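Asker: Each chain, letter by letter, is given below.
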Amino acid sequence: MTSKSIWFFSQIIKRHGGASQLRSFVRCSSCAAEGAVVPPLHSSITAEQAVKLWTQYFTLQGISEPLLSSQYIIAHALGRKTLDAVDRRRLRDPLTDRERDKVWKLCSKRLTSMPVQYVIEEWDFRDLTLKMTPPVFIPRPETEELVGLVLEDLRLMLGESYGTDLRCLEVGCGSGAVSLSLLHDIPHLRVLALDQSQAAVCLTLENACRLGLQDRLEVQHLDVMGDADTILNKCGPIHFLVSNPPYLLSKDMQSLQTEILQFEDHAALDGGSDGLSVIRSILALASQLLIERGRVYLEVAPCHPPIIQQLIEERMPELLYLETRCDLTNRPRFCILQRKGKDD
Amino acid sequence: MSSMLFLNLRFLRDISGISLSWHRRFLRWPFVLVAGKKDLIDLPEVNEEDLEEQFVRGSGPGGQATNKTSNCVVLKHIPTGIVVKCHQTRSVTHNRKLAREILRGKLEVEYNGEESELLRRKRESIQEKREKRRKVNENIERKRRFKEILNTDGDKKC
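As you go down the protein sequences, you meet chains U and H in turn. Here this note's numbering is used: position 171 in the first sequence is 171, and no number is missing along the way. Here this note's numbering is used: position 51 in the second sequence is 51, and no number is missing along the way.
Calculated from the structure, these hints are not laboratory results. Treat each hint with caution, since some may be false.
[What the hints assert, rightly or not] Cut-off 20 Å, straight-line C-alpha distance, at most; resulting in silico cross-link-like pairs (DMTMM-like, lysine to aspartate or glutamate):
| hint | chain 1 | residue 1 | chain 2 | residue 2 |
| --- | --- | --- | --- | --- |
| 1 | H | Lys85 | U | Glu122 |
| 2 | H | Lys68 | U | Glu121 |
| 3 | H | Lys97 | U | Asp127 |
| 4 | H | Lys68 | U | Glu122 |
| 5 | H | Lys97 | U | Glu152 |
| 6 | H | Lys129 | U | Glu121 |
| 7 | H | Lys97 | U | Asp265 |
| 8 | H | Lys68 | U | Asp84 |
| 9 | H | Lys68 | U | Asp265 |
[What the hints assert, rightly or not] A partial selection of chain U residues facing chain H, derived with a Cβ cut-off under 7 Å:
| hint | residue |
| --- | --- |
| 10 | Glu65 |
| 11 | Leu68 |
| 12 | Arg80 |
| 13 | Lys81 |
| 14 | Pro115 |
| 15 | Asp124 |
| 16 | Ile260 |
| 17 | Leu269 |
| 18 | Arg331 |
[Stated by the list, open to error] Incomplete in silico selection of chain H near chain U, CB under 10 Å:
| hint | residue |
| --- | --- |
| 19 | Pro44 |
| 20 | Glu53 |
| 21 | Phe55 |
| 22 | Arg57 |
| 23 | Gly63 |
| 24 | Asn67 |
| 25 | Val73 |
| 26 | Val92 |
| 27 | Arg96 |
| 28 | Asn137 |
| 29 | Asn151 |
Keep in mind the model is a prediction, meaning the values are calculated, not measured. C-beta: ideal position from N, C-alpha, C; glycine also.
Produce the entire structure from the sequences given, and follow the hints as far as they go.
Answerer: Quick look at the structure:
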């Protein structure tokens, strides 16, 4: 521990606990192992104070989003999703021993740059709360928009109740966010979800059971690039295909933040040198599995839409490029394609 | 998109703890629940074209390349200049919905000024709480006096 850290902590402890704690802290740190990085447990600390303390410590250690991390973790330790949802009075009461131990244990994990979603082992996606476990890919907010866009498009085409029985294929289900969200909103939808990661398959199934959606979902451990024939045999005709495939360019992988590089599955991110290696396989599959005028909804990198459009026009005559949509940060993010009908 | 104007009442029920009959979900009325109250207020509708929405996602390329927990939605109503921020939930979709609801509440106050139904209810609720506190304090005082009387009586007897 650096002398700067020791000075810093002495300031915090003086503010919160007084000289006796400072002495015990100095004793602890002098016999602590080299590289020990956790602030000492105070005998009594309120939730509010814990948030301040850990925010300061995350900042000191260069952890990103120090305040938000602290708030989400401590709210979770108190049984809530956000700090706003915790009763004002409870925030000023001392934490119980159990709560304090939990806060310290979870915040220590965050100190390793573990994403908050893995630390608290859950996250929200639209109307759902899903379990999160490393290294299964954590759903991003943009993907909530992908689901919104699919629902809106289906309503436009099929009416408010989404027509009759629908079948969908999801490629790269991860934690199950997209499939489960769609199953939740469309009562008569049936989904076949695939992922090349066994961990993702297990997590999707677990989340499905937690939400009572397992009856209309089938999950298979298959790779769209290597197992195309198996997929064609197993999967009947589908009304639409949805995917948030790995779309990052290989050369951009190394500059990713630590949270992603060290904890999330790289295979869920890396789309090859042009970011399109998995997308190409998905489009090939789509052209064979979709019913006439069935649609593909993809989340992609901002540079992809014109390239995909050109690719379709040159090499995939069965598909029609319909539309590019932007995400909330105004980046081109979503592609909608359609399988041509016999008369198109 | 009409779906953006339409309020998800099931979600509102969940956050306000009030049960609504399901058929209301399909009535496209511009009403919303004021948390804790059973009556419904007519809030002004907003046109998506009048809104400018920003998504605070932290710095970075976005999409798969970014893993941040910040999902704050900033909504600006262009005609009035009113700006609303919302990061109350862990879902950006819910934050967007909530931001619109908060904005509609602000517009109700803006358009109606003194006549604002929301402000009137807020004043009423503050009044009610004051009345309640006054009564509780009166009760405590009454009991204290009664105890005093009992004690002095007891002294006399002894």
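Asker: Does the closest beta carbon of chain U sit nearer than 10 Å to the beta carbon of Val73(H)?
Answerer: holds, 8 Å
Asker: Within a Cα-Cα threshold of 20 Å, do Lys68(H) and Asp84(U) meet the stated pairing?
Answerer: Satisfied, since the Cα-Cα distance of roughly 19 Å is no more than 20 Å.
Asker: Does Lys129(H) pair with Glu121(U) here, judged by a C-alpha cut-off of 20 Å?
Answerer: Violated. Lys129(H) to Glu121(U) sits at ~40 Å, over the 20 Å cutoff.
Asker: For the hint on Gly63(H), does the least C-beta distance to chain U fall short of 10 Å?
Answerer: Hint holds; Gly63(H) Cβ to chain U Cβ min 5 Å, cut 10 Å.
Asker: Is the interface hint for Leu269(U) satisfied, with its Cβ closer than 7 Å to some Cβ of chain H?
Answerer: holds, 5 Å
Asker: Return the status of the interface hint for Arg57(H): holds when the least beta-carbon distance to chain U is below 10 Å, violated otherwise.
Answerer: It holds, given that the least Cβ distance between Arg57(H) and chain U is near 6 Å, below 10 Å.
Asker: Hey, does the Arg80(U) contact hint survive, CB to chain H under 7 Å?
Answerer: violated, 11 Å
Asker: Should the interface hint for Arg331(U) be scored as holding, given a Cβ-Cβ cut-off of 7 Å against chain H?
Answerer: Because about 6 Å separates Arg331(U) from the closest Cβ in chain H, which is inside the 7 Å limit, the hint holds.
Asker: With a cut-off of 7 Å, does the beta carbon of Lys81(U) approach a beta carbon of chain H closely enough for the hint to hold?
Answerer: Since the shortest Cβ distance to chain H is 6 Å, the answer is holds.
Asker: Holds or violated: the hint that Glu53(H) contacts chain U, with Cβ atoms closer than 10 Å.
Answerer: holds, 7 Å
Asker: Quick one, is the Arg96(H) hint okay against chain U at 10 Å, beta carbons?
Answerer: For Arg96(H), the interface hint holds, since the closest Cβ of chain U sits about 8 Å away, which is under 10 Å.
Asker: Tell me if Ile260(U) is really an interface residue toward chain H, meaning its C-beta lies closer than 7 Å to one of theirs.
Answerer: Cβ of Ile260(U) sits 5 Å from chain H, so the hint holds.
Taken one by one, the earlier hints fail for this structure at numbers 1, 6, 7, 12, 19, 28 and 29, listed in ascending order.
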